Amino acid sequence: MKQLFILLLIANISWAERGEGWNYPISLEKSEVDSSLTNEESIFRFRVANITDANENRVIIYKIDGRKKKAKLIDNEYFDVHTVPGKHVFQFFYKRCYVKVYSDSLLIKGGYKDEYFVRFDEVNSQDAVTKPVIYLYPPEDTHISVKVDIEGDNPFFYPSYPGKWEFIATPDGELNFDNATYNYLFWEADQFFRLTAEEYQTGFICKGENAVAFLEEKLTLAGLTSEEKADFITFWVPRLQRNELNYVHFMFNDECNVFAQLSITPQPDHVYRLYMIWSPIEGEFVVEEQTIPLMNRSGFSVLEWGGIEQPIIEDIEIN
Amino acid sequence: MKQLFVLLLLANFTFANHVEEYIPPVSLEKSEKDPSLKPDESVFRFTFKSISDTEGKQVIFYSIDGSEKRAKLMDNIYFEISTTPGEHSFQFYYDEHHDEVTANSLVIKAQYRDEYSIRLENVDFPIMVEKPVIYLYPTAVTEVTVEVITEGQLTFTYPSYEESWKMTINPDGTIQNGENSYRYLFWESQHTAFIKSDPSTGSAIANKDIVSFLEASLGEFGFTTQEQADFITYWAPKMIRYPGCKIQFLLNDECNQFAQLNIDPKPDQVFRFYMLWSPLENVNDFNYLRPQKIQSISRLGFTVIEWGGSQIELSPKEVL
Numbered sequence: 000m001k002q003l004f005i006l007l008l009i010a011n012i013s014w015a016e017r018g019e020g021w022n023y024p025i026s027l028e029k030s031e032v033d034s035s036l037t038n039e040e041s042i043f044r045f046r047v048a049n050i051t052d053a054n055e056n057r058v059i060i061y062k063i064d065g066r067k068k069k070a071k072l073i074d075n076e077y078f079d080v081h082t083v084p085g086k087h088v089f090q091f092f093y094k095r096c097y098v099k100v101y102s103d104s105l106l107i108k109g110g111y112k113d114e115y116f117v118r119f120d121e122v123n124s125q126d127a128v129t130k131p132v133i134y135l136y137p138p139e140d141t142h143i144s145v146k147v148d149i150e151g152d153n154p155f156f157y158p159s160y161p162g163k164w165e166f167i168a169t170p171d172g173e174l175n176f177d178n179a180t181y182n183y184l185f186w187e188a189d190q191f192f193r194l195t196a197e198e199y200q201t202g203f204i205c206k207g208e209n210a211v212a213f214l215e216e217k218l219t220l221a222g223l224t225s226e227e228k229a230d231f232i233t234f235w236v237p238r239l240q241r242n243e244l245n246y247v248h249f250m251f252n253d254e255c256n257v258f259a260q261l262s263i264t265p266q267p268d269h270v271y272r273l274y275m276i277w278s279p280i281e282g283e284f285v286v287e288e289q290t291i292p293l294m295n296r297s298g299f300s301v302l303e304w305g306g307i308e309q310p311i312i313e314d315i316e317i318n
Numbered sequence: 000m001k002q003l004f005v006l007l008l009l010a011n012f013t014f015a016n017h018v019e020e021y022i023p024p025v026s027l028e029k030s031e032k033d034p035s036l037k038p039d040e041s042v043f044r045f046t047f048k049s050i051s052d053t054e055g056k057q058v059i060f061y062s063i064d065g066s067e068k069r070a071k072l073m074d075n076i077y078f079e080i081s082t083t084p085g086e087h088s089f090q091f092y093y094d095e096h097h098d099e100v101t102a103n104s105l106v107i108k109a110q111y112r113d114e115y116s117i118r119l120e121n122v123d124f125p126i127m128v129e130k131p132v133i134y135l136y137p138t139a140v141t142e143v144t145v146e147v148i149t150e151g152q153l154t155f156t157y158p159s160y161e162e163s164w165k166m167t168i169n170p171d172g173t174i175q176n177g178e179n180s181y182r183y184l185f186w187e188s189q190h191t192a193f194i195k196s197d198p199s200t201g202s203a204i205a206n207k208d209i210v211s212f213l214e215a216s217l218g219e220f221g222f223t224t225q226e227q228a229d230f231i232t233y234w235a236p237k238m239i240r241y242p243g244c245k246i247q248f249l250l251n252d253e254c255n256q257f258a259q260l261n262i263d264p265k266p267d268q269v270f271r272f273y274m275l276w277s278p279l280e281n282v283n284d285f286n287y288l289r290p291q292k293i294q295s296i297s298r299l300g301f302t303v304i305e306w307g308g309s310q311i312e313l314s315p316k317e318v319l
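These protein sequence lines are chains D and R, in that order. Residues in the first sequence are numbered from 0 upward in steps of one, following numbering that gives the first Met the number 0. Residues in the second sequence are numbered from 0 upward in steps of one, following numbering that gives the first Met the number 0.
Here chain R stands alone, though its shape is the one from the complex (with noise of 0.2 angstroms):
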């Protein structure tokens, strides 16, 4: 149930952008002579105008003609490659979270400026963050306050939380609510969130293979057998249902794109390990993927550990 309705965030979202007018990836906007130029000379310029993002490196990878090159897009937007007229092929890269677009044929007479408008789609995707836990290991019996901060509204939690929990936690990791006792904060939102993450990383397990590839991982990472048990029954049941699933790990900063924790007193250390998954026909066909380094985590202090996930499809590029 939870698939499908991962599934119908991707469908609407897809539906909705269909609703838009199609724009094509590469549209010539303006051709017009330019009689300073050399009789053997001609100009092409590109203006790229779907990149948003802020980290400002802005050069845009290309080939023309097969060869390779790099460009500072001028104004952050457009750059200009003087070449000869006649008929010329280009691709366009900017980074993973772009579709790279290629453009076969394009002609240009001599002496002439030709513009064109590139349009890198971004592949970032929407998805549903599910189970998050979070377990709490303070030092000493601890009156802790836990804020999740996400984009859209928590859909569940447990214990139920009134903008924050407010709980006694004990070294061993019960939490203390009043009668009750916990192993675990459990929150669990429906939002859209847009990941971030290079479809190029990860690995491609069978199914007979999946829980000793979580165990290792999962114990790489430095999770205890009990929360190893907690990720891997939720999460495992689904997975082996198909013949193989690619598995990409997001650690700790990465986590941020899902929701923010706030915890006060301030932890010494908070961990985060969140798993996107896709179900693969052929686990074959993803050997090109590069393993993830799992980086140990040491348990010093006061230590907090958030474990997450999300099924996700394959981007359109994958499942060619």
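Bound-form chain D, shown alone (with noise of 0.2 angstroms):
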């Protein structure tokens, strides 16, 4: 299943590429005898293409035959690699907003240093900002109008969005509109988002197994209702629950902006938002837990849950 996802992922950035002159992201530029080295050692050398952001102490995270290492590129252009005389496959990441590259198996002679280009492209595909579900309770009856302010692209909502949505809400948290009630707001768009390193390091893991009670012990600790906690987990645990270990992130209230924004009159007493950023990942990974903060719901509240799954997380850029 994740192979499969990986290739597909491949091959749509493969046939884009190739739309527009296709550069393959490992090519061989030179390989010529080094009088330095003996008959039982060989060097590739990596000369790294691409990269277009500003840092300047580039560090690249390879893997040769399996086993993981990480190289700081000398000029911030390259880094070598002393081995033996063979076939060696590597793999290479960067930062997560670049595809990480994988090379065949490279055979290099003893004696012999070999250069390669290694093109880093940018990861250009959007994830759907999924399902974000808006739940008003006023203590009584109130006239309310929404809007949503959403940074990605192609916006769907339910019930239709004529620039806001306005309807009358009760205290149970039913909407009616004109023709029609409804439990909840929907709406999502495409957008490009990735964590922070830093935000990387905080978060959950969660065996796909245990994800039904990994997600209502914490969405009890928000403090959302068995409702509310049903429609958030008939929607993810399906997917959750195809890997064997997820990462979890909590993104909450003012952090959720980043998505969108909500302006609601009138004004609530409080707003509750919660994001679930996940990806499935594979190996060791080791987070610092974080507080999940607890929803207030005296007063006019509102509640916000969304999510966004990301891809796989591999070994290769776990630290």
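Hint data in this document are derived by calculation from the structure and do not stem from the laboratory. Predicted model, so just to flag it, every value in this text is computed and none were measured. Some clues are possibly wrong.
[Unchecked claim] List time: in silico SDA-like cross-link candidates among lysine to any residue, alpha-carbon distance up to 25 angstroms:
id, chain 1, residue 1, chain 2, residue 2
1, R, Lys207, D, Ala179
2, R, Lys237, D, Tyr160
3, D, Lys163, R, Arg240
4, D, Lys68, D, Val58
5, R, Lys130, D, Gly282
6, D, Lys163, R, Thr223
7, R, Lys48, R, Lys37
8, R, Lys37, R, Ile80
9, R, Lys237, D, Ile149
10, R, Lys237, D, Asp148
11, R, Lys68, R, Thr83
12, D, Lys206, R, Lys130
13, R, Lys207, R, Thr223
14, R, Lys165, D, Thr219
15, R, Lys165, D, Thr224
16, R, Lys29, R, Glu79
17, D, Lys163, R, Gln225
18, R, Lys37, R, Lys108
19, R, Lys265, R, Ser297
20, D, Lys163, R, Asn206
21, D, Lys217, D, Gly282
22, R, Lys237, D, Ser159
23, R, Lys237, D, Glu227
24, D, Lys206, R, Lys37
25, R, Lys130, D, Thr129
26, R, Lys237, D, Thr219
27, R, Lys108, R, Phe78
28, D, Lys163, D, Phe251
Taking the hints as your guide, dock the two standalone chains into a single complex.
Take a look at the structure:
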């Protein structure tokens, strides 16, 4: 499953690239005898191409024949791998906003220094910000208007959104529109989003088979009702439980403005937002557990939850 | 990701079929002279071994050299045509669950009996059943037991399910389980169901019209707007990513192919609504689809309503 997904991703990227002059991610530039080497030694020199960030101390994480290593780039451009003659397989990783690079087996002769270009393409796919759902609980029947200012593209709204939602909400959370009653407002959009390296330090590791218990515990800590939990869990658990292990990071309240800003009139007493950013993971991954703040349901309270599934985190990325 | 899983299933299914020896749809089994035939007479015998159904209608529609006929299968397996020597073209059709087979230019000699076997492949397909949601509306507060019987294992249920759900249900549909209350019961299974449906019915809908089409269809069936929202917010975001979709509904008893529901006490009415949908490049290519008539439900007495669905691949025929 995972394998296929990766293949598919790679395939998509390749097709997209080939349309406009395809460059192989790894290409041999030079192969020459290095007199300083014995016949039992070889050097691969990997010259990194296409990284455009301003980082002056780039570090590449790579795997040679399955063993994970780290290399600081010399002149911010290349690094050497000393090894033995024969066939070697490499993987290269820079940051999550660049596509990982996989080599075939590269054959090198004894006493040779072979120089390769390694091209890092930026990931340009967008993740769907999936299923944010908004519940509103005024203390008495209230005429409410809600605007969402979405950061992403291709938004989808339900019910229909002619610039804003307008309805009368009841204390039990029923949203009465002209001809219809709903339990929640729904929107979705496409957005490129990655957690920062710092954000990756915190979160949770959730086994697929324990996903229900995990989410029930966290959402109870957050103060969701059983009905709200059911909407969240029935949406996400079928996805989480397909993976042996998942990394889960929650974003709360103002942090969620990177996805969308909510304007609600009249002003609610409490707005609680909870987004779950998650990826399948492979390998060992240690994180510091996050604290889950409790929603305040007094007065006019509003809850929004959403989430984004992100590409698999492989052990090559995990420090 | 779900989408991918379906692809994977289909792909596996196809590979599995390819691993088996390829059997041509038309193959000559026997050709022998029969002196009892007239000098200008020849007889074709066609046997059909691949048809597997129990309805026993066993009538083959065929055409010989362009003229359409029908034949009852003898011993449920073969029929014969007496014709003239020379070259003949045939087409064979059984029903919408089987491929049509064309045999161009079969040459037969005078006073010969040629026996062909014709393979009508079953075109029913395996699918994954996604997110069925069950709502229950008893007339009074009632203890209800719900069992879902599927071919395969349930991969996910919520709230948790141990051989059945046993819950207290209020007339407004609120499902009470101890301290917790829910609006619906949720199950999902990843078994492969071989779905029987007529591919010529349904609707081809452009992406901008999908939400209003679903609202109209769900409304006609009799879903409340809250129930409609659960359905639409689950399916529409996936569907509108394509230029259009072919949409077909399976209603009520037709949904027994996905799973059976055993509910105690027995509801007065159980309504089921499943959607099969496929992405389309161009909806205008599918103008031939016959729209479905949706019978409205009435919520009299203890009523149970379930919806679910599946994204499927178009059959190879439809792609052409």
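Quiz item: Failing hints, ascending?
Solution: Structure breaks hints 5, 7, 24, 26.
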